[in-house]
Amino acid sequence: MASYLQQADHLLRPRGQALPSLRVLPLLVIVLGGGYGAVMGTYGGLSADRLWQVVYSGTKVPLLLLATFSISLPSFFVVNTLAGLRNDFGKVLSALLATQAGLTVILFSLAPYTILWYLSFDDYGRAILFNGLMFAVASISAQFILLKFYRPLIRQNPLHRLMLVLWLLIYSFVGIQMGWVLRPFIGSPDEPVEFFRENSWGNAYEMVFGIIQRSFGF
Amino acid sequence: MFFWRALRELDQILRGEKTRPQALRTASLDISLGRIVVMILVLGMLYGLCMSVFAMTQNYPGHHLQTLASMIKVPALFLLTLLITFPSLYVFNALVGSRFGVVELLRLIIAALGVSLAMLGSLGLIVAFFSVSTTSYAFMILLNVFIFTVSGFLGLKFLLQTLHRMSILAADEKGEPESVEASHPPNDDFEIEVVEEPEKNSGPLAKLYGPILGGEVKTVFRCWIVVFGLVGAQMSWVLRPFIGDPNTEFAWFRPRSSNFFEAVVNTFLSLFQ
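Protein chains in written order, with my numbering: chain A, 1 to 218; chain B, 1 to 273.
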């Protein structure tokens, strides 16, 4: 346990060139991401029938991160190879995974605020907004971790900068849809608990198109 | 194992090992056509499978046949487009006096297609994920068109860069750089452009600096790339449906009507309706 915590600390302030081990990182994502997810799912209360929501939300956060990661990885691998950066790919992989793990470390550290928010305010819409804010804070802060690991690579070969941008584009493209499909993360207290919302199948981008279209009155 | 060796060979192309200056000097492109074609078939079928996930999630008559159709059509799209455009490429190449023979030219093009298909295959997972989670047919069409465009572009970029490298080597062989150097008066201000040695592990898309092959061969290839893109786009329209319209029955082919570009524009506009 103590060594895992030390690994998590290493993520936030990497010392030297030592890269975190690939074995621990997914574990951190599952445990800490799951931890925040579970907290997130407590909005409806902890009564017996709402307890499943805690379990579901605890599963969904790591699933969101790891599934998006694995779906985006193959194409990123091929692009890196084509750019002649295959020899660095081991480092790239641990940098990306470290960012995922770092994100969950940050997210987990924000969980107490979420609890306090849930205890203070009783509005589902605001609860969603607050969680969105926490995710935004964690994602943006995690970019610093990503940059820290990527900087030596970029110094070695400036092409890595382009790759980084490409990664963020692919990852967010898939991630937005993944987040949309995995709804609900919090679970409205007025609705029954379920893993997937019925007819939640749909396309996030299509929705955005629709909203833009309505707001411009096409 | 044949498949393993084929995969290795494709990997070497992707890593740029087959297009290193040292490798290009000896022969044209040292690849086995059979293996790369097999990889093209396999990757094309893999992408076809991912593409048809959308049809699998729908429920219209004969939708399960779409999987089979897509797995055949994606490799066919690339190979038929090559079949149509290759003869003219060869003839015009010979006309402007390039040094490519039929087999050398074919190797070059097949390698480029291999790069395209590798990119396409690796994007398959993303397409499959969106296919599962999306109900919008128009979105899937546009996503697929985008992915095919990106993959095709990368393959053709590979082709142009390899050609460029070959032309540098051709210029080297003629000894042009030395003769230019020798003819310069000693105290001339003119600086000779240094031809940078490529980094040892630069990829196949990395630029090598040096004299660009002047001339017609490159023009022929540039024109051919445009033609290849246009023919490929129209071929995809002829071979449609790839994804399968959920509002109609399954069909192997659709009757002649409209064209690719008109259809893409219409699909894009339909997103806003």
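Read the hints as simulated data drawn from the structure, not as lab findings. Careful, some of the hints might be misleading.
As the list claims (entries may be wrong) - Residues of chain B clear of chain A, computed beta-carbon distances all greater than 10 Å:
| # | residue |
| --- | --- |
| 1 | Asp11 |
| 2 | Leu14 |
| 3 | Gly101 |
| 4 | Phe129 |
| 5 | Phe130 |
| 6 | Thr135 |
| 7 | Phe139 |
| 8 | Leu154 |
| 9 | Phe158 |
| 10 | Ala170 |
| 11 | Phe261 |
Stated by the list, open to error - If you only want the chain B side, here are some residues facing chain A, beta carbon under 10 Å, derived:
| # | residue |
| --- | --- |
| 12 | Leu83 |
| 13 | Ala118 |
| 14 | Ala233 |
| 15 | Gln234 |
| 16 | Val238 |
| 17 | Leu239 |
| 18 | Pro241 |
What the hints assert, rightly or not - Pair by pair, the computed Cβ-Cβ distance ranges are:
| # | chain 1 | residue 1 | chain 2 | residue 2 | range |
| --- | --- | --- | --- | --- | --- |
| 19 | B | Phe253 | A | Gln156 | 47 to 53 Å |
| 20 | A | Ser3 | B | Tyr60 | 33 to 39 Å |
| 21 | B | Tyr60 | A | Asp190 | 51 to 57 Å |
Predicted model only: the values in this text are computed from it and were never measured. For each residue, glycine too, the CB sits at the ideal point set by N, CA and C.
To see whether the hints hold, each was checked on the structure:
Here Asp11/B does not stay apart from chain A, with its beta-carbon only about 8 Å from theirs, under the 10 Å limit. With a least beta-carbon separation of about 5 Å from chain A, Leu14/B fails to lie farther than 10 Å from that chain, contradicting its non-interface assignment. Here Gly101/B stays apart from chain A, with its beta-carbon at least about 27 Å from theirs, past the 10 Å limit. Chain A draws Phe129/B into its interface by the beta-carbon criterion, the shortest separation being 5 Å against a cut-off of 10 Å.
A beta-carbon of chain A comes within 10 Å of the beta-carbon of Phe130/B; the shortest separation is about 6 Å. Non-interface status of Thr135/B relative to chain A is broken: a Cβ of that chain comes within 10 Å, the nearest being about 6 Å off. At the 10 Å boundary, the C-beta of Phe139/B falls inside the reach of chain A, the nearest C-beta of that chain being 5 Å off. Look at Leu154/B: its CB is around 7 Å from the nearest CB on chain A, not clear of 10 Å, so calling it non-interface is violated.
Chain A draws Phe158/B into its interface by the beta-carbon criterion, the shortest separation being 8 Å against a cut-off of 10 Å. For Ala170/B, the condition that its CB be more than 10 Å from all CB atoms of chain A holds, with the nearest at approximately 23 Å. The claim that Phe261/B is not at the interface with chain A holds, since no C-beta of that chain comes within 10 Å of its own (minimum 21 Å). With a cut of 10 Å, the hint placing Leu83/B at the interface with chain A is violated, because the nearest CB-to-CB distance is about 26 Å.
Satisfaction of the interface hint for Ala118/B is found here, the shortest Cβ-Cβ separation to chain A being roughly 5 Å, below the 10 Å cut-off. Restraint check, Ala233/B versus chain A: the minimum CB separation of about 22 Å is more than 10 Å; hint violated. With its C-beta approaching chain A no nearer than about 26 Å, Gln234/B sits outside the 10 Å limit, and its interface hint is violated. For Val238/B, the shortest C-beta to C-beta distance to chain A is roughly 27 Å, which exceeds 10 Å, and the interface hint is violated.
With its C-beta approaching chain A no nearer than about 24 Å, Leu239/B sits outside the 10 Å limit, and its interface hint is violated. Violation of the interface hint for Pro241/B is found here, the shortest Cβ-Cβ separation to chain A being roughly 20 Å, above the 10 Å cut-off. At about 51 Å, the CB distance of Phe253/B to Gln156/A agrees with the hint of 47 to 53 Å. A hinted range of 33 to 39 Å for the beta carbons of Ser3/A and Tyr60/B is inconsistent with their spacing of about 55 Å.
The hinted window of 51 to 57 Å between Tyr60/B and Asp190/A is violated, with their beta carbons roughly 35 Å apart.
When held up to the earlier numbered hints, the structure conflicts with 1, 2, 4, 5, 6, 7, 8, 9, 12, 14, 15, 16, 17, 18, 20, 21 and fits the remainder.
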